[in-house]
Amino acid sequence: MLCENCKENDAVVNLTTIKDNVVTQQHLCEKCAAEKGVETSIAPKNPLGDFLQAMQQKALPGGDDAPACHFCGATTRDFRSTGRLGCARCYTAFERQLRELLRRLHGNSRHAGRRYEPPAIELVERAGTVAQLRERLRRAIDNEQFELAAELRDRLRAVES
Amino acid sequence: MTLDLSLLPDGGVGWLDASGEHADVVLSTRIRLARNVEGYAFTPRARDGERLRVLAQVRDAAPHVTSLKGNVLLRVDELASSERQLLHERHLVSKELAGLETGQGVRTGAALLLANGVSVMVNEEDHLRLQALRSGLAVTDAYRAVERLDMELGGRVPYAFHSEFGFLTACPTNTGTGMRASVLIHLPGLVLTKEISKVLAGLQQMGLTYRGLYGEGSEVVGNFFQISNQTTLGRSEEELLDHLARVVQKVIEREEEARRVLLRDAGYIIEDKLWRAYGTLRYARSLSLDEAMNYLSGVRLAVGLKLIRGLSVYTLNKLLIFCQSAHLAYAEGRALSEAEASQARARYVREALANEAGARE
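The listed protein sequences correspond, in order, to chains G and P.
Positions 1 to 161 (the working numbering) are the ones given, in order, by the first sequence.
Positions 1001 to 1361 (the working numbering) are the ones given, in order, by the second sequence.
Keep in mind the hints are simulated off the structure, nothing from the lab.
Hints should not be assumed to be uniformly reliable.
Said to hold, decoys possible - To be clear about the criterion: a stretch of chain G counts as covered by chain P if any three or more of its residues have a C-beta under 8 Å from a C-beta of chain P, and this derived list gives those stretches:
no. : region
1   : 5-15
2   : 82-92
3   : 101-109
4   : 143-149
5   : 153-159
Glycine included, C-beta positions come from ideal geometry on N, C-alpha and C.
Using the sequences and the accompanying hints, generate a full structural model.
This is the structure we're talking about:
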């Protein structure tokens, strides 16, 4: 199909406009669409990769190998090389970079969908809580985060007693 | 552990029955929600013990979740690779969960909970991948089912949720709603009229993406495309679904238009091509998977155009699944070489077509 505006190039954009409840459709080429203010450039194929590469170029002070997340011990290097977060706490540890990344990926960084309330504590198995605390304690010791380990040990004692 | 597919609810292939809307063009609608359990590292970073505890928590919660009534739990990590392949061919598990990605085995704790119309993959890239699968175009219906499962399960198992970012996932491309809604659609008309690249480029401009028959990283075979939402954050589930459904509706209209153009401008050429595809499937003695997929695509188009009658879409859907290598091996009860698989495939397709009431003009 030819562009309805210039009648020269192939129409690649189907522009739907609604004005006063009247829907009009126009088939336009990329150039004419751009003139009408429609963003036509296709999003980069791999925004995640591009972003991570950019992150590599401005390495963070403090070194990439220092654990950035205190829960799972993930480092900036881990995030950069895999493009994956290590755990829920990483969202706090990498918050600033993530907000920018999420905006690039989704055009927005604020959740607009269904909200969630975690189940009341008595519904979650108490055993599960103990297991979680133990796991975090072991992790903290492995990562030599002794202050955190002491705090977790106290909480574990409180839950178990 | 040996896999007995007959024990699965619906054999896990209820969605093949072609009962949904636009079933001749749209094979299925799948909606998945990515969720992580609070308190553990995400699956790729978790230790074996953590993954097993995630599995134990889901297993403990399952009897209290009505959406999972009558579920079957499969420990994917205890299955042989041929059995994992079988589940993958049935679209029940992702390549990642099945441990079929190159250089990566199956993870300890990888499991599948399969119930009627919904399922939960445990220890995929995220701890939980809740899914609903429906025949044809059924976005609302599929979402209702998976949302219900999500609310019930989330009421028992605490999810990782952030007030600004929403549901937290291992990959930032899923953060927010954690929802990927995809429609598996057959577009031979647009491929033959060479309109497809424009349509696909248009999808990207509208915040949608497409993949092959098996989702992420898979190739397009047999003119099947999976169209899904690209973004998961900043818009509500309903907005994302509504947008997808509207665009897919438009794509279906363009496909129908392309088919009309084909019949009008190249009627006898198309008719000849499609009957040749049918003839090959009906009589060939050896078929590679690609050949089978391409000819099945042709026959599916012929059925849609009513050039071939007396052949059901259900049969064609089943053929798509059952003529794959692991399924053929399962039916034969032994491992098959490539040549043996091609012969078994041709035999299976031949018999399935012969058993139909008889295709006629």
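Hints versus structure:
1. 5-15: holds (count 4)
2. 82-92: As far as the region 82-92 of chain G goes, the hint holds, because 8 residues have Cβ atoms under 8 Å from chain P.
3. 101-109: holds (count 7)
4. 143-149: Contact hint for the region 143-149 of chain G vs chain P: violated, 0 residues under 8 Å.
5. 153-159: violated (count 0)
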